[in-house]
Amino acid sequence: MSDSAPLLTLSGVNTHIGPYHILQGVDLAVPRGALTMLLGRNGAGKTTTLRTIMGLWHASAGAVRFDGDDITAWATPDIAQAGIAYVPENMGIFADLTVRENLLLAARSGPIDEARLRWIFGLFPALEKFWSLAAGVLSGGQKQMLSIARAIIEPRKLFLIDEPTKGLAPAIIGNMIVAFQELKKSSGATILVVEQNFLFAKSLGDAVAVMDNGRVVHAGVMAELAEDRDLQHRLLGLHLDQHQ
Amino acid sequence: MTARGELSLPVQRRDFVPVLLVPLVALIALPLIGSPSTWVTLTVAGLAMGMIIFIVASGLTLVFGLMDVLNFGHGAFITVGAYAAGALAPLLASSLRADSMLLNLLAMLALIGLAMAVTAVLGYAFERVIIMPVYGQHLKQILVTVGGLIVAEQLIIAVYGPVQIALPVPTAFRGSVIIGDVAIERYRLIAVVIGLVIFAAMLLILNRTRIGLLIRAGVENGEMVEALGYHIRRLFVGVFMAGSALAGLGGVMWGFYREALTPGMGMDVMVLVFIVVVIGGLGSVGGCFIGALLVAVTANYTGFLAPKLALGSNILLMALILLWRSRGLYPVAKR
Numbered sequence: 110m111s112d113s114a115p116l117l118t119l120s121g122v123n124t125h126i127g128p129y130h131i132l133q134g135v136d137l138a139v140p141r142g143a144l145t146m147l148l149g150r151n152g153a154g155k156t157t158t159l160r161t162i163m164g165l166w167h168a169s170a171g172a173v174r175f176d177g178d179d180i181t182a183w184a185t186p187d188i189a190q191a192g193i194a195y196v197p198e199n200m201g202i203f204a205d206l207t208v209r210e211n212l213l214l215a216a217r218s219g220p221i222d223e224a225r226l227r228w229i230f231g232l233f234p235a236l237e238k239f240w241s242l243a244a245g246v247l248s249g250g251q252k253q254m255l256s257i258a259r260a261i262i263e264p265r266k267l268f269l270i271d272e273p274t275k276g277l278a279p280a281i282i283g284n285m286i287v288a289f290q291e292l293k294k295s296s297g298a299t300i301l302v303v304e305q306n307f308l309f310a311k312s313l314g315d316a317v318a319v320m321d322n323g324r325v326v327h328a329g330v331m332a333e334l335a336e337d338r339d340l341q342h343r344l345l346g347l348h349l350d351q352h353q
Numbered sequence: 006m007t008a009r010g011e012l013s014l015p016v017q018r019r020d021f022v023p024v025l026l027v028p029l030v031a032l033i034a035l036p037l038i039g040s041p042s043t044w045v046t047l048t049v050a051g052l053a054m055g056m057i058i059f060i061v062a063s064g065l066t067l068v069f070g071l072m073d074v075l076n077f078g079h080g081a082f083i084t085v086g087a088y089a090a091g092a093l094a095p096l097l098a099s100s101l102r103a104d105s106m107l108l109n110l111l112a113m114l115a116l117i118g119l120a121m122a123v124t125a126v127l128g129y130a131f132e133r134v135i136i137m138p139v140y141g142q143h144l145k146q147i148l149v150t151v152g153g154l155i156v157a158e159q160l161i162i163a164v165y166g167p168v169q170i171a172l173p174v175p176t177a178f179r180g181s182v183i184i185g186d187v188a189i190e191r192y193r194l195i196a197v198v199i200g201l202v203i204f205a206a207m208l209l210i211l212n213r214t215r216i217g218l219l220i221r222a223g224v225e226n227g228e229m230v231e232a233l234g235y236h237i238r239r240l241f242v243g244v245f246m247a248g249s250a251l252a253g254l255g256g257v258m259w260g261f262y263r264e265a266l267t268p269g270m271g272m273d274v275m276v277l278v279f280i281v282v283v284i285g286g287l288g289s290v291g292g293c294f295i296g297a298l299l300v301a302v303t304a305n306y307t308g309f310l311a312p313k314l315a316l317g318s319n320i321l322l323m324a325l326i327l328l329w330r331s332r333g334l335y336p337v338a339k340r
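Sequences listed follow chains P and A, in order.
Take 110 as the starting number for the first sequence in my numbering and just add one per residue.
Take 6 as the starting number for the second sequence in my numbering and just add one per residue.
Calculated directly from the structure, the hints in this document are not laboratory data.
Honestly, I wouldn't trust all of these hints.
In the SDA-like style, the derived pairs of lysine to any residue whose C-alpha atoms are separated by at most 25 Å in a straight line are [to be verified]:
no.: 1; chain 1: P; residue 1: K238; chain 2: A; residue 2: D20
no.: 2; chain 1: P; residue 1: K275; chain 2: P; residue 2: D315
no.: 3; chain 1: A; residue 1: K145; chain 2: P; residue 2: Q305
no.: 4; chain 1: P; residue 1: K252; chain 2: A; residue 2: I216
no.: 5; chain 1: P; residue 1: K238; chain 2: A; residue 2: K145
no.: 6; chain 1: A; residue 1: K145; chain 2: P; residue 2: G127
no.: 7; chain 1: P; residue 1: K252; chain 2: A; residue 2: D20
no.: 8; chain 1: P; residue 1: K238; chain 2: P; residue 2: D315
For the chain P half of the interface with chain A, some residues (derived, Cβ under 7 Å), not all of them [stated by the list, open to error]:
no.: 9; residue: W183
no.: 10; residue: P186
no.: 11; residue: E210
no.: 12; residue: R217
Glycine included, every Cβ here is placed at the ideal spot set by N, Cα and C.
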């Protein structure tokens, strides 16, 4: 694959969940090495898009291509093994396992790399302190840190992160911004983040896609959307003074 | 965070209360029974029976927890395991009846090995043919697994007939150990030792190996285990086979305990097994261990003190435990 080709593309993806037609022809391209923000109102289909990419729900029509492979019908473990890490909206941490065990499980290829672990401890110091504690006793912010640490414990080609700031205090959101900037800078990772917090999104995003009613209705450069208040209002329903 | 901005350590409470239940029940029973020697005999018998129930129930609780499968057919593996050992026993009769403890032990291990191998293979076939088409459909799981249990029982009746078959305890493990005025049956001590070894091995595997880590994580959130890149369906098959093999082992132990095999022995013990799994907390091996001991010693004490209440004592115990902890003694996080 050429470096200019998107790492991930969705073409006309439709997803049904039971009787509901959630994704209705999603077209999305995620450029390599960039942080793409997937925005949209509640129920627009953002989480379903990530779950469809991961194979947790299968597309009923359309194609998902990742790094040259058509992964539309692949099983979830095969998609993960192809190099996609996923942080779900509910964080998906294993509450009865310790912080150490959660990370150990995520390090699929063998023992945890010490240098990478040090780097993660630098991003999220709480994890070092609570290393031997059951993850279930951590606070919401610490669980989110663990969830993201688990995704980045080994190098991956693409990170799918669903609403990392949901329910977090502003101070912890600040830590998250630093962590994502560091992840992008140090590893050149490709990241697709679903987000509702526009301040967080515009401070981090290189590219942006906006969803509505199961389709991508806008795709472009984040800086342009950040400048265009009318577009923000039209696409996201943002009121000018609330979110600038 | 503290006022200084330092990270404060979250409180992780170790829950030891359920561990104290068995000693507590035993202590309450002591003055009611009166005779210390009778109390010791009843307690050891209860622990032995509890260990056998644990061996059978531990596989079922993992299958419940990891695969979300209501396997009422688990009893079939108990019966098949016992009958597999019963089929081999006549061929090893000279070793089982020899005066040498080593020969007895080797013959007994051969019976156990055969029972576990047969039930593991049967478990593989059962999972592929009967369970796989009904993943996620609880009502159908109950129907097909109960059907599987009935078919297994009827096949055994067709081959061996409805009458009971003797399975005598090996010579070295017959009789009792006398300590003061307390007589403890040797086989019950063996059952306690085997139960403890199985429990220790399970804890070791679950807590110290990657497979164990995957099982524990899978019990909590199978979808996330898959999203991390692990094929959980393969793990399902392995756990189902292991659970079936443990039921087979339990069947042999139960057969020796009663010194007889009957086609309905698996179905008979399943009520106790389900009570233990529910009391322990679905998917919890530790809870299953305590639940099994609690159920067995309570049944023994009640059987001695008020025989008419013995049958209902386990149901009452389950109701009390669930009133206290509605998800069992050690609920697994997701359940």
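**Violations among the numbered hints** = 3, 5, 8, 9
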